[in-house]
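With the hints as your guide, set chain B onto chain A.
What follows is the residue order along each chain.
There are 2 protein chains.
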Amino acid sequence: MSFFELIKTDHNSKARAGIIHTSHGDILTPIFMPVGTQGTIKAVEHRELLEIGAQIILGNTYHLYLRPGIEILEKFGGLHKFMNWSKPILTDSGGFQIYSLSELRKIREEGVEFKSHIDGSMHFFSPEKVIDIQRSIGSDILMVLDECVGYPAEYNYVKKSVELTTRWAERAFKHFKSTEPIYDHEQFLFGIVQGSVYKDLRKISVSDLVQIDFDGFAVGGLAVGESTEQMYEITDFTTDFLPQNKPRYLMGVGRPENILEAIERGIDMFDCVMPTRNGRNAYLFTSKGVISIKNSQFKEDESPVDDECDCYTCKNFSRAYLRHLFIAKELLALQLASIHNLRFYLNLISEARKMILENRFIEWKKEKVIQISNKLTINKEEIID
Amino acid sequence: MSFFELIKTDHNSKARAGIIHTSHGDILTPIFMPVGTQGTIKAVEHRELLEIGAQIILGNTYHLYLRPGIEILEKFGGLHKFMNWSKPILTDSGGFQIYSLSELRKIREEGVEFKSHIDGSMHFFSPEKVIDIQRSIGSDILMVLDECVGYPAEYNYVKKSVELTTRWAERAFKHFKSTEPIYDHEQFLFGIVQGSVYKDLRKISVSDLVQIDFDGFAVGGLAVGESTEQMYEITDFTTDFLPQNKPRYLMGVGRPENILEAIERGIDMFDCVMPTRNGRNAYLFTSKGVISIKNSQFKEDESPVDDECDCYTCKNFSRAYLRHLFIAKELLALQLASIHNLRFYLNLISEARKMILENRFIEWKKEKVIQISNKLTINKEEIID
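First to last, the sequence lines map onto chains A and B. Our numbering numbers the first residue of the first sequence as 1 and each following residue consecutively. Our numbering numbers the first residue of the second sequence as 1 and each following residue consecutively.
Same shape as in the complex, but just chain A:
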């Protein structure tokens, strides 16, 4: 069986429905992947992830390498066993974290030297080492080491960076092919397209990378500060050059409406900290728009966060109770909000898949984007009591 099965392409857009096959089970695409940076989705239990329909979660190579460390992961037989998660795991290469978290970093042809954000110790990642680490982690889907350039970035810098990222991708692929999984399951490798907002550089990046027989391709370096329109345009532009028979992953995106727009532009996989991070900040997604649950307008609100939602939070608790938990700074607030927001994302994307299969995606998306991006909280006050 091939890694990726393209089941259907929408008649009126580039939206696709597919299946990714891994040793840890199938993933129906388009899919949203909850972010479990350090081997846990913040404030959510594993059984709750299964309950809300998570099919694959993310881990982060940079973070897991620093903590708990490769030695411990290997001793346990990989991250799946260490954290007791039996469904697929994708690990980001750590490229983004090195650039966003590490104070000191030095990029050279060989790789990148960086300082741990935890204890200041110096470390070195090469494209090969990042593959080795992900072999030790045992993720189902591995990402190559790339240079993730911020926004805005000089054309000439991005040009050189794209070339380096491609050379790194070649080295990573070669090393991946010359090594074997450590544990008893298959691993797949994705390349990452860079090029900032420059279409000609994106074209160079994607054209070079598709020459390499990666199992899938990610669009990286977006959602880093550029406008939403630029993000959509670059995504649309890039997917035109990607092969139909391999999954496409838009890294770090985004708001629910961004995800629907990117599905229309041919993307299959998404990850973002937004449902959990915003949830922990009392910011909740609903089928009728977004709310800041701390707002005093919810003080006596007996209705659930979202009456169309089937999550534990919505089935059991009122907006007033959830507001009380946030105002009283109770940990349960973070748990209930994270469960709900993740369920909202997973429901939305599974509905999108259904619509693609039924050729109703575009009409549905238009209406949905308007509904879910509605701001339902009356005023901007964050805490009123």
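Derived by calculation from the structure, the hints in this document are not laboratory data. Be aware that one or more of the hints could be misleading.
A pair counts as met if it fits within one copy or between any two copies, since identical chains are not told apart.
To be verified - Each computed DSSO-like pair below joins lysine-lysine, with the alpha-carbon atoms no more than 27 Å apart:
| hint | residue 1 | residue 2 |
| --- | --- | --- |
| 1 | Lys315 | Lys75 |
| 2 | Lys299 | Lys115 |
| 3 | Lys42 | Lys329 |
| 4 | Lys315 | Lys87 |
Just chain B now, with coordinates in the frame of chain A:
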């Protein structure tokens, strides 16, 4: 059916097994009550409380009065409905919180004036008002307002305080009897014995209070700084004066071994923040002793926290994973530790009940106390990595 049914008294000690009947269900005693101060047990979901066998939880009058406030609780039909908890709730009167949290307080015959720890606003609690608030909360078991004296305390101060607490208890009882529950379920009122470590004052307090037809009696003002031996001695002394046909509640106690010793001395009900608070500080109770899970000795430990425990944490995760979550400051650590510690307490007390029913309590307790108070963590280091 009477409120309390005494099923069995141990042949070799004052340990008792009983049943408390409430409109929200029965409670098998001895019982440990998880502390849900603000209408939530910190970091634990309601369904998890049911899963670990919680039969009754605590709420706090002082906290709930300040947040979410009586108006909201009444609008929802009481705390059970506001928080969606259908089993029994006991509310502490807030006496302890006024003395421990409130900066400014002024005690007079009429009641106590205090400053909110949240916003500094001034409030006044009288014995009558505290009953009214608990009517609004709708707890199954109400506590009278008392003066909780710290340790050490001057004999003469405690003497006056005990007399005031008794006068307040009389007023509370009278007001309780002259009012009705607001919601559709029965409410029961407990008196609180005070007197610090002075036996003659404890005797006066308990003798006066048992003249009032309370549904149960609490032993208050212990676990406030006196020695463990003093706590046991006062508990033992006090229960001798309490009626057999009413439940006895030792407030705020304590460590697992304290609970077993107090059961031996005739106590039926317990509450303490220790399982949850210590859990959140990586301090875990096990059948073989206590551990600080952050300790580096657990770095590669594949065994569960407690191999005799049946909780979600122990059935699914290793000590190494839990340690990683704590070291990485992940919220899931707090959740898993709280679930385990509460389950440990609830299992222990349910085993104690079984032993009482089988007349094996004393032998079992002796051995158990040695096992569970064992310190299993090799050294005192808190975080080593």
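Hints, one by one, checked against the model:
1. Taking identical chains as interchangeable, the C-alpha atoms of Lys315 and Lys75 lie at most 27 Å apart only when they sit on different chains, with a minimum of 20 Å there against 40 Å within one chain.
2. Taking the shortest Cα distances, Lys299 and Lys115 sit within 27 Å of each other only across copies (23 Å), while inside one copy they are farther apart (46 Å).
3. Proximity of Lys42 and Lys329 under a CA criterion of 27 Å is satisfied in both settings, with 16 Å inside one chain copy and 10 Å between copies.
4. Taking CA atoms no more than 27 Å apart as the test, Lys315 paired with Lys87 passes in both settings, with 26 Å inside one copy and 18 Å between copies.
The structure meets every hint from the earlier list without exception.
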